[in-house]
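Enquirer: Just so you know, the protein sequences line up as chains A and B, in that order.
Residues 68 to 483 (this note's numbering) make up the first sequence, in order.
Residues 68 to 483 (this note's numbering) make up the second sequence, in order.
Take these hints with a grain of salt, some might be off.
No copy labels: a pair is met if it fits in one copy or bridges any two.
[To be verified] Simulated crosslink set (SDA-like; lysine to any residue; CA at most 20 Å straight-line):
| hint | residue 1 | residue 2 |
| --- | --- | --- |
| 1 | K109 | E120 |
| 2 | K113 | P340 |
| 3 | K465 | D233 |
| 4 | K177 | I209 |
| 5 | K113 | G124 |
| 6 | K109 | S417 |
| 7 | K109 | D365 |
| 8 | K109 | G124 |
| 9 | K465 | V96 |
| 10 | K109 | C74 |
| 11 | K109 | G126 |
The set of hints was computed from the structure by calculation and includes no laboratory data.
Number of protein chains: 2
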Amino acid sequence: MTTQHDCLALDAADPLAALREQFALPAGVTYLDGNSLGARPKAALKRAQQVLEAEWGDGLIRSWNSAGWFALPSRLGDKLAPLVGADKDEVVITDSTSVNLFKALAAAIKLQAADPARAQRRTIVTERDSFPTDIYMAQGLIEWLDRGYRLELVDAWDQLPAALHDDVAVLMLTHVNYRTGRMFDMASVTALAHEAGALMIWDLAHSAGAVEVDLNAAKADFAVGCTYKYLNGGPGSPAFIWVPRRHQGDFSQPLSGWWGHRQPFAMQPSFAPTAGVRRALCGTQPITSLALVECGLDVYEQVSMAALRRKSLALTDLFIALVEQHCGGHGLELVTPREHAQRGSHVSFSHPQGYAVMQSLIAHGVIGDYREPQVMRFGFTPLYTSYGEVWGAVQTLKRILDEGDYEIDAARGAVT
Amino acid sequence: MTTQHDCLALDAADPLAALREQFALPAGVTYLDGNSLGARPKAALKRAQQVLEAEWGDGLIRSWNSAGWFALPSRLGDKLAPLVGADKDEVVITDSTSVNLFKALAAAIKLQAADPARAQRRTIVTERDSFPTDIYMAQGLIEWLDRGYRLELVDAWDQLPAALHDDVAVLMLTHVNYRTGRMFDMASVTALAHEAGALMIWDLAHSAGAVEVDLNAAKADFAVGCTYKYLNGGPGSPAFIWVPRRHQGDFSQPLSGWWGHRQPFAMQPSFAPTAGVRRALCGTQPITSLALVECGLDVYEQVSMAALRRKSLALTDLFIALVEQHCGGHGLELVTPREHAQRGSHVSFSHPQGYAVMQSLIAHGVIGDYREPQVMRFGFTPLYTSYGEVWGAVQTLKRILDEGDYEIDAARGAVT
């Protein structure tokens with residue numbers, strides 16, 4: 068049996084423990100929802116003040132050059148790149164994950180349609196359990212293309228090999244599932260897609276900054292992801308898109324706005340894409356939100372993804388073990404795989420009253436979140452979650468389940 | 068001849084003069100580029116601090132509901148609506164102008180293609196002198212649709228009637244031209260488009276908050292615009308899209324992300340659009356940048372667009388008169404129409420050395436900007452530009468032209 072003493076000893080020996088000091092976390096809260104919105108780096112407050120006072124207020128229009136605003140999507144993209152196994156000039160931070168997925172899928176279809184060996188393929192495969200916006204964007208794109216493309220939704224991930232038939236143009240998957248926390252083996256699944264003649268797009272929303280990712284080693288084709296979860300970029304901060312060097316020359320997508328133009332200030336009446344990954348840009352970017360992404364990325368420069376992954380697995384292992392030791396007999400079922408190679412950085416348990424239990428947890432200061440159906444998610448962000456917090460969160464969960472008062476708490480209208 | 072004394076008297080009698088106090092403008096600068104990036108409302112600093120500290124830092128994930136983040140696009144859209152003659156629930160603030168134009172044009176094509184009377188039409192008409200990203204987005208969309216749509220670029224605005232032949236599906240125009248400052252008569256041009264059987268899309272980038280706009284009175288079909296120019300929303304702040312109530316039920320566009328879903332949190336594997344203008348939303352929005360838009364909109368609640376327009380015309384009239392009185396013989400040519408009904412809120416003069424002259428002006432504290440070819444733009448934002456500043460700016464321009472040292476200044480690498 069793991070004791071509270073053991074947890075505190077893990078904290079005392081944690082080489083990453085000091086990183087927590089760089090985040091502003093409210094007192095009285097155990098935050099296990101960094102997988103949905105990361106905590107605020109303390110540096111972000113000063114950076115926001117700088118953007119507003121010196122750059123916007125004093126620099127005004129001059130700051131597009133003098134403060135480097137126009138370069139931000141690629142400069143910050145280069146800073147994010149090593150976290151996902153990308154090279155310099157392969158990542159831009161821009162727009163939303165949904166919009167970037169649209170670009171990536173459109174570019175993949177364009178590539179596929181231009182290749183005589185697979186031009187006739189018309190199937191796009193993804194998981195039914197993907198985060199829905201990915202499915203919606205694919206539906207929107209293929210409905211508008213109106214060239215016979217169809218979306219096939221795979222129900223269980225072990226059905227993937229069978230789903231990769233010879234009509235599949237693109238396989239599009241979320242690396243770590245938003246609900247279950249289950250992680251695909253990026254290299255082997257990408258190889259499977261390629262063997263089947265399909266292109267491979269990864270959504271890294273729950274991976275970037277949470278688990279080790281090596282897009283180039285996996286030879287993936289395109290990837291997108293968000294910066295507001297584990298990367299702590301701020302609420303709704305702009306997302307990223309990865310276009311590997313080998314595809315950049317052929318990268319083409321319909322959202323061809325002026326920021327992706329070869330000469331954006333020449334004001335030419337015809338689109339001509341710029342070189343490199345900046346051709347994935349479209350319109351003018353929200354600079355304040357974009358600039359703050361750097362504060363989250365700066366923290367990652369002080370630590371290796373390998374060290375973060377070690378701590379992440381230790382945290383999720385501990386949480387699973389403690390829940391099973393202390394909360395048995397209450398109908399909780401582990402949704403997340405036990406195998407390290409198949410686990411991201413959050414752990415989900417289902418419970419028939421999952422929504423009510425989560426509301427009660429939040430009311431008692433343990434913030435996780437709830438996803439239909441019946442799933443309670445707990446995110447463990449190794450930059451600032453401590454082993455002692457894991458102990459405390461499980462004790463709170465145990466108390467709520469033992470006392471059975473969660474339906475009443477939920478009826479009080481606790482925050483969601 | 069207008070004297071400096073006259074200008075100062077105009078300031079003393081200006082009922083809007085006190086509004087300037089609500090903006091943080093740097094000392095020693097005459098800012099005539101609010102038509103490109105509006106000045107910072109002083110309130111934005113405190114609002115940013117609130118978003119970062121109370122909402123992101125303390126509220127964390129709870130702020131999506133408790134701080135109203137999820138509602139921001141429509142709540143702020145309702146606040147912007149009266150400035151452009153839109154009704155409640157007809158405007159959302161979201162994404163970039165480029166992305167919103169893509170949505171509007173896609174929706175217009177869908178409407179047109181569904182109408183048997185005009186389903187065969189395949190021409191989209193716009194101006195060659197439109198801000199290029201509008202042209203690029205239209206090119207991207209129709210190339211991807213691959214259904215025979217073509218873009219026709221009109222060279223001069225008096226050629227519009229002839230360009231509206233019976234194959235025209237959509238007329239897409241910028242209300243106030245970004246380069247010349249020339250303004251279309253929205254009602255009569257919209258009527259012209261409708262008489263020709265075409266749908267009408269307006270880009271209000273240089274109109275919203277600058278001139279009186281009444282989209283519903285003009286019976287326009289769709290409109291987009293930005294919030295970072297006259298509306299003072301901040302660098303690259305999210306743009307807006309207007310979908311009138313009569314088109315909302317049929318509004319459909321390919322960027323069908325989860326924020327536009329009827330039940331975004333039900334996690335259903337099939338897209339179903341929500342009711343109202345929120346179906347124009349796509350992915351998660353950059354909350355910090357979006358929230359700051361409100362500070363700019365709040366200033367507009369203290370003043371009528373009619374009063375702003377009166378001052379705007381007085382400022383541009385004064386600038387034109389003073390330049391012609393003081394800077395004659397230097398090769399300046401007025402590009403902007405003299406007729407009030409055809410003028411927005413900026414004034415452009417062309418000059419063979421326009422780029423160098425503008426660099427020199429900026430180096431001397433008068434910030435306007437330059438647009439190819441040879442065009443110097445001066446924006447007059449009645450919320451904070453004074454008549455005395457107009458006088459001073461013209462005197463600086465006169466000195467630079469008289470002394471002829473602008474090529475040297477430009478060579479020094481002054482800011483752009």
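Enquirer: So, for every hint listed, does it hold in this structure?
Expert: Hint by hint, here is what the structure shows:
1. In this assembly of identical chains, K109 and E120 lie within 20 Å of each other by CA distance both inside one copy and across copies; the values are 18 Å within and 9 Å between.
2. In this assembly of identical chains, K113 and P340 lie within 20 Å of each other by CA distance neither inside one copy nor across copies; the values are 36 Å within and 40 Å between.
3. For a Cα distance limit of 20 Å, the shortest separation of K465 from D233 qualifies neither inside one copy, at 50 Å, nor across copies, at 72 Å.
4. Taking CA atoms no more than 20 Å apart as the test, K177 paired with I209 passes in both settings, with 12 Å inside one copy and 14 Å between copies.
5. Taking the shortest Cα distances, K113 and G124 sit within 20 Å of each other both inside one copy (15 Å) and across copies (13 Å).
6. In this assembly of identical chains, the alpha carbons of K109 and S417 never lie at most 20 Å apart, being 34 Å within a copy and 48 Å across copies at closest.
7. Taking CA atoms no more than 20 Å apart as the test, K109 paired with D365 passes inside one copy only; the shortest distance there is 11 Å, against 29 Å between copies.
8. For the identical chains of this complex, K109 and G124 are inter-copy neighbours only, at 9 Å across copies versus 22 Å inside a copy, given an alpha-carbon limit of 20 Å.
9. In this assembly of identical chains, K465 and V96 lie within 20 Å of each other by CA distance solely inside one copy; the values are 17 Å within and 63 Å between copies.
10. For a Cα distance limit of 20 Å, the shortest separation of K109 from C74 qualifies neither inside one copy, at 26 Å, nor across copies, at 48 Å.
11. Taking CA atoms no more than 20 Å apart as the test, K109 paired with G126 passes between copies only; the shortest distance there is 15 Å, against 24 Å inside one copy.
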